[in-house]
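Participant: Using the hints provided, position chain B relative to the given structure of chain A.
Read top to bottom, the protein sequences are chains A and B.
So in my numbering, the last spot in the first sequence is 179, and the numbers never skip.
So in my numbering, the last spot in the second sequence is 379, and the numbers never skip.
Not one of these hints is a red herring.
DEER-style ranges, computed between Cβ atoms:
(1) Asn270/B with Pro165/A: 52 to 62 Å
(2) Gln45/A with Lys376/B: 38 to 48 Å
(3) Lys278/B with Ile123/A: 37 to 47 Å
(4) Ser362/B with Asp101/A: 41 to 51 Å
(5) Glu353/B with Leu44/A: 14 to 24 Å
(6) Met264/B with Gly130/A: 33 to 43 Å
(7) Lys75/A with Glu353/B: 15 to 25 Å
Don't read these hints as lab results, they were simulated from the structure.
We treat Cβ as the ideally placed atom computed from N, Cα and C, and that holds for glycine.
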Amino acid sequence: MRLQFHIEGGDFVNAGKASSTVKRALKQLDVSAKKIKRVIIALYETEVNVVAHANGGDIDVLIDSDNIRLTVTDSGPGIPDIEQAMTEGFSTASKSVREMGFGAGMGLANIKRNSDSFHIESVPGKGTTVKIINELKE
Amino acid sequence: MGLQIGNIAALLNAKLLTPGLDVSREVEHAFSSDLMSDVLTGDYHKTVLVTGLSNLQSIRTAEVSDIGEVIIGRDKEVSQDMIDLALENEIVLIQSSYSIYRISGLLYEAGIKPIY
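Looking at chain B on its own, in the form it has when it is part of the complex:
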């Protein structure tokens, strides 16, 4: 059983930055990392990426890794280029003020499973 990404945004008291994208998509797994090289080694299915790295390559890495949802923690600044790239690739982008640790803990408590 997963959680809808829209409900995850509510759980994290977070902002949805990609209006118009389907927020009823289910997420079953999460992977938290600031190291994109590490993200690129995984296989993902219904997985959200939780990261403190807010730049274009976090979105590109999600795109090439078939990750459909990205949560940026600690209210790191998200550029318009990142939002545009996410929209172009139908990646739901979320910005939360919570730390990566807190986000990960809340997702785990809500039943979202780890990758490893």
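Chain A with its partners taken away, still in its complex shape:
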């Protein structure tokens, strides 16, 4: 199964819609609640990051019987120092993002924690790509 979504930068009204759709799809496939929660937290945090930091982005979701593969690509400012960005507490979020209940510098670390395989690539001035693979079987 393949699902694709577009995310608008700054659109906090629709942030999370893709995660919600993927959650429903996984429920229908009888994936365990624990496995669903891990990958959906990772996807939701990634969606929020794109909304908070980028001009927009795209989500590609590939589900087979064993794994779910998420590829999220944005056209944002990029991350000059990924190691620093992964450090809990480090944040470049704006005041408006913080007012939405995010931007505490916890997102990337939480995405990694909820991913079986996590890969991030970023080109300053161009954008960031996050690849997440999670196993779906117990």
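Facilitator: What follows is chain B alone, placed relative to chain A:
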């Protein structure tokens, strides 16, 4: 032992904003936070979220975190979009005039356990 969410609403002198949802669901734990990033790091079982952050992302955060009940404190304005999203995801949404501190204290006194 938990408390039914309908009884929690009565204890907090609060309004139930999601008519039609089952209010006999039991709640055993509570987590109070305005920081959704923090909520997203927890594991929840029969947990109610108590928050002063009243926007769509508080409901989305509950949905992706498998939290089935949300209490908005201090009578913060709740939009129809929030109510619709809660209904769509069967999240019981409650609005109380009490402060987060008072809500948390009352829930603790009633035997609702903390997460951490």
